[in-house]
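The residues making up each chain are set out below.
2 protein chains.
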Amino acid sequence: MTTIKRVAIQGGGGSNHEIAAKAFFNSEDIEMVPCQTFEELFETLRKDNSIYGIMAIENTLVGSILQNYTLLKDSGLVVIGEYKLRIKHQLLALPGQKIEDIKEVHSHPMALAQCGDFLKQYPHIKKIASDDTALSAKWIQDEKLEGMAAIAPELAAKKYSLEILARDIETNKRNFTRFLIISDKAKTEVEDLLISNKVNKASLVFALPHSEGSLSKVLSILAFYNINLTKIQSLPVVGQEWEYLFYIDLVFEDYNRYLQSLDAIRPLTKGLKNLGEYHVGKRSYDTVSNDNKSLEEQKTF
Amino acid sequence: MTTIKRVAIQGGGGSNHEIAAKAFFNSEDIEMVPCQTFEELFETLRKDNSIYGIMAIENTLVGSILQNYTLLKDSGLVVIGEYKLRIKHQLLALPGQKIEDIKEVHSHPMALAQCGDFLKQYPHIKKIASDDTALSAKWIQDEKLEGMAAIAPELAAKKYSLEILARDIETNKRNFTRFLIISDKAKTEVEDLLISNKVNKASLVFALPHSEGSLSKVLSILAFYNINLTKIQSLPVVGQEWEYLFYIDLVFEDYNRYLQSLDAIRPLTKGLKNLGEYHVGKRSYDTVSNDNKSLEEQKTF
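Chains as they are written, first to last, in our numbering: chain Y, 3 to 303; chain V, 3 to 303.
Misleading hints may appear alongside valid ones.
Intra- or inter-copy, both count: the list cannot distinguish identical chains.
[What the hints assert, rightly or not] Restricting the straight-line Cα-Cα distance to at most 25 Å, the calculated cross-link-like pairs of lysine-lysine (DSS-like) are:
1) K100 to K284
2) K272 to K49
3) K24 to K90
4) K128 to K272
5) K128 to K105
6) K161 to K175
7) K272 to K24
8) K105 to K146
9) K146 to K128
10) K284 to K49
11) K75 to K175
12) K160 to K272
13) K7 to K105
14) K200 to K275
15) K128 to K275
16) K160 to K275
Please keep in mind that the hints were generated in silico from the structure rather than gathered at the bench.
The shape of chain Y in the complex, shown without the other chains (with noise of 0.2 Å):
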């Protein structure tokens, strides 16, 4: 028997997070928990640790979405798994609406950014925006909204009933988001699902005293024990400007000689703490490349 698991996403239900998260857990027996904000997300899944969230962290179009980093950070909780989404946006409208009515589209900021061009052809619709791209497709509906579009993903087309206008209309195709799933710390370390999935990946985040050259001491040890990165950040500490935090993905073969490695590191960093363990994830690729070899490619330095 299966059990329903519950995961909590920003935004509401036809969203990007929805997708990824039905995509990560590979099944339809999931119940999604929507949430206002990304600090609402943090709090339900403090509050119940049986629930999931997802959320994205990084784009490869914009680069990383701090505010994330930092919630993710503060919060406790610790990353269990990562999935990339290749993003493509749809312009929706009420049955029947033709493009020449919209006079307003409403998504989120970021969408409307990325669908630019598409936009650009059409200067007489003003550009508004909202919280989330899948709730603008929600309100249409449910207001009956005529001349309004939204922008938000096909699966929010379905889910409320609404016709696609144009198709794709994001400028860039190449255009992924990696999303991370996380949880309780408590209840990953008794969870068959996750346990399955060898670990080889891990999100680490640390200060630097100010010395010369503090980051190369530290990427020398990880490089002496093979261990490879896939991303470094230096991202601002707010309130102390001009002082960084490191965020650091790394992949490794050797469990054992990774955490070796952190312990080889700790004396060299300021608040070294691992944000999670877990399995290089999937990515959807569907239409940029139909090539399996290239699944879980992911490029290491």
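Given chain Y's structure and the hints, the job is docking chain V onto it.
Only chain V this time, still in chain Y's reference frame:
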């Protein structure tokens, strides 16, 4: 006799770009050349190499402006300076308007997001994404639009004779943007202004072979040459998902030592490109700190 300097900015007069330009050139003898987009700004500089450009590159809250890194890298132009500006947002409207009259607020999506806490108090005000903070202010004055507000700098209020309905409405007061001053290479070689300031900082971009510890090697060599880092950013290459470019900022005391270090790392990188050499920039710090010591402080690692 001082000659008037022309400085291309993205967006309209009265923007943070204009404020930063005036602060960097420390003079009123500059004339703004407004450009619709950053792409147009680079085009303008290429056509007339007597024109400088100024471009936001990094914000202490939201991180790097990745698109601008890409534009800079591909432009063949170079960075000749930097300035760090404390960002403040004002709610502007036609004189006589009250906040209760306002039905829509127009601004750049980033400004809307940075004033989230303030705007939450007025859920009836529609947040409308525009291309530019200052241009939204200008539009309200040009069209004499009642019921409309813009989020823009105080300079825009003066310039377009608007009233400040609410002052300093940004959620986080520790909000700095780092601007780069860019120019055509040929020009910088003859410009007194620039060579009078000792060069002690540089911005580089490179790719790396996918071999274990490749970044660690580059950073180790820089450390051996006593070159400090102030920033590192791995940035996904658009069109080659999970392939990365590295943008690093360096500071140094000895210019020759720095040149030698570039020669030393070049064979270990792919396509090392120097984006510019300049003097560590001043920052505006009025409401955050009056501590003069921190004026040029920049943390290194």
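Going down the list of hints, with the structure as the test:
Taking identical chains as interchangeable, the C-alpha atoms of K100 and K284 are never at most 25 Å apart, the minima being 37 Å within one chain and 53 Å between chains. In this assembly of identical chains, K272 and K49 lie within 25 Å of each other by CA distance neither inside one copy nor across copies; the values are 30 Å within and 48 Å between. In the homo-oligomer, the alpha carbons of K24 and K90 lie at most 25 Å apart inside one protomer (16 Å), although the nearest pairing across protomers, at 41 Å, exceeds that limit. In this assembly of identical chains, K128 and K272 lie within 25 Å of each other by CA distance neither inside one copy nor across copies; the values are 48 Å within and 44 Å between.
Taking CA atoms no more than 25 Å apart as the test, K128 paired with K105 passes in both settings, with 6 Å inside one copy and 15 Å between copies. For a Cα distance limit of 25 Å, the shortest separation of K161 from K175 inside one copy, 24 Å, qualifies, whereas the shortest one across copies, 40 Å, does not. For the identical chains of this complex, K272 and K24 are neighbours neither inside a copy (37 Å) nor across copies (39 Å), given an alpha-carbon limit of 25 Å. Both within a single protomer and between protomers do K105 and K146 lie at most 25 Å apart by alpha-carbon distance, with minima of 15 Å and 21 Å respectively.
In the homo-oligomer, the alpha carbons of K146 and K128 lie at most 25 Å apart both inside one protomer (18 Å) and across protomers (18 Å), since each shortest distance falls under that limit. Neither within a single protomer nor between protomers do K284 and K49 lie at most 25 Å apart by alpha-carbon distance, with minima of 29 Å and 46 Å respectively. Taking CA atoms no more than 25 Å apart as the test, K75 paired with K175 passes between copies only; the shortest distance there is 22 Å, against 31 Å inside one copy. For a Cα distance limit of 25 Å, the shortest separation of K160 from K272 qualifies neither inside one copy, at 49 Å, nor across copies, at 46 Å.
In this assembly of identical chains, K7 and K105 lie within 25 Å of each other by CA distance neither inside one copy nor across copies; the values are 40 Å within and 42 Å between. Taking identical chains as interchangeable, the C-alpha atoms of K200 and K275 lie at most 25 Å apart only when both belong to the same chain, with a minimum of 21 Å there against 39 Å between chains. Taking the closest pair of Cα atoms, K128 and K275 never come within 25 Å of each other, the shortest separation being 44 Å inside a single copy and 40 Å across copies. In this assembly of identical chains, the alpha carbons of K160 and K275 never lie at most 25 Å apart, being 41 Å within a copy and 48 Å across copies at closest.
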